[in-house]
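Undergrad: Residues per chain are reported as follows:
2 protein chains.
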Amino acid sequence: MSQNIYDDANFFAGYATLDRSVKGLDGAPEWPTIQQMLPALAGLRVVDLGCGYGWFCRWARDQGAAQISGLDLSNRMLERARKMTEGDGIDYHREDLQTLSLAANSCDLVYSSLTLHYLVDIAPLLATVYQALTAGGTLVFSAEHPIYTAPLHQGWRVDENGQKSWPVSHYQQEGERISNWFADGVKKQHRTLGSWINALVAAGFVIENLNEWGPTAEQIAANPALDEEKERPMIFILRARKPA
Amino acid sequence: MSQNIYDDANFFAGYATLDRSVKGLDGAPEWPTIQQMLPALAGLRVVDLGCGYGWFCRWARDQGAAQISGLDLSNRMLERARKMTEGDGIDYHREDLQTLSLAANSCDLVYSSLTLHYLVDIAPLLATVYQALTAGGTLVFSAEHPIYTAPLHQGWRVDENGQKSWPVSHYQQEGERISNWFADGVKKQHRTLGSWINALVAAGFVIENLNEWGPTAEQIAANPALDEEKERPMIFILRARKPA
Chain A
1 MSQNIYDDAN FFAGYATLDR SVKGLDGAPE WPTIQQMLPA LAGLRVVDLG
51 CGYGWFCRWA RDQGAAQISG LDLSNRMLER ARKMTEGDGI DYHREDLQTL
101 SLAANSCDLV YSSLTLHYLV DIAPLLATVY QALTAGGTLV FSAEHPIYTA
151 PLHQGWRVDE NGQKSWPVSH YQQEGERISN WFADGVKKQH RTLGSWINAL
201 VAAGFVIENL NEWGPTAEQI AANPALDEEK ERPMIFILRA RKPA
Chain B
1 MSQNIYDDAN FFAGYATLDR SVKGLDGAPE WPTIQQMLPA LAGLRVVDLG
51 CGYGWFCRWA RDQGAAQISG LDLSNRMLER ARKMTEGDGI DYHREDLQTL
101 SLAANSCDLV YSSLTLHYLV DIAPLLATVY QALTAGGTLV FSAEHPIYTA
151 PLHQGWRVDE NGQKSWPVSH YQQEGERISN WFADGVKKQH RTLGSWINAL
201 VAAGFVIENL NEWGPTAEQI AANPALDEEK ERPMIFILRA RKPA
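Residue numbers (our numbering), protein chains in the order written: chain A, 1 to 244; chain B, 1 to 244.
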């Protein structure tokens, strides 16, 4: 089974303090960009891979999505999601994305936020998503950017003038990266952007948009802690389409 | 007119000493990867954007390409190319890629090696290439990778254990980067991978393959100077197709 760090009590407690946990979608600075990359949701059947607290599922419901499934490996997350969205008619399931199966032609939009970099092997999931989407359907997902994940020890460097930079090394060495993020030994997978894109193409997807997210000047003015995020992308957002 | 550093006498003299200048395609470590990304050339009409000494044009001729045009802004390069490939029936033209026009449906493969990062605006050239390609035609090009070009002052950092890393900063700040490479003030353009890919998609291309080039273990064993290239990609190679 895939690593399930979100059911670790300490991790879960730490994660719960993040802006994106407390404030939901508006607490995630990349959300305005993701929103621009999404299709109109009214009438769509939507699947959220790694739904967490269910913030996106609730938003999709507000946008008039016809059917919404939120999938997550973490029982704690699902419990919280069910409590928060009670009566919203959203369907939550516990699923391991590494071994997921979905009915063919059963959805129009597959969404995933900062989840797929936990998967050791991305190809089986992409094949599952592809056959589950209707022709013309859309996949939009974010993941940690390989510039961010490449180094074995990730962190900023600050030079004598105060300029921050992100030392990149081991870029070509794909695979496990261990970080200590609310808990020790959180395992994520580093893969190059080329590997992400080529895996999507191999699964049959057409690449529509790649955004290597960085903050706008307005976002930095409103939240100066975001300033460093302009130096290197921490996440990317990708939109791909199943050909009609 | 675009910057024409290759007609600078000092730059040209320095450039002439590079392995890829002396040995041709086999002097470029990314060439085996590019070769795998190229279609079979027999019978194809080929255009090389930034042909330099004409090494690729000659190789295309050896592969049985039906028609070959080598375009470059540098008179020195073209003079050398014409001398080296005399009688090969290759058509060399002086062209500024920033204002290039090509006849519609006039070629099957457009190739470019380490040239397009000199262009301030990539969109007009991509539109030109798109209409020049026949349906199903291919664009294969390499350019400096944005991880490499992002910092205002590019260079390795070596930590106390001898680990090399490439400090990335200013990634989101697209535009001019000045480097001193055989001549002072060589101007290149930094653009994110997202911008490259989205410009191709906007021009109508379908992304087929992205390779963020790094050396193989065999290449490093044969040429230990390549070892550092595994830490971060210096170039990327992209293959895109005009839909049939």
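Source of the hints: derived by calculation from the structure; they are not laboratory data. Everything numeric in this text was worked out from a predicted model, so none of it was measured. Wrong hints could be hidden among the right ones.
Since the list gives no way to pick one copy over another, a pair counts as held whenever it fits inside one copy or between any two copies.
[Stated by the list, open to error] The calculated lysine-lysine pairs, modelled on DSS-like cross-linking and capped at a C-alpha distance of 30 Å, are:
1) K83 to K23
2) K83 to K164
3) K230 to K83
4) K188 to K83
5) K164 to K188
Undergrad: Give me the numbers of the hints this structure contradicts, sorted from smallest to largest.
TA: 2 and 3
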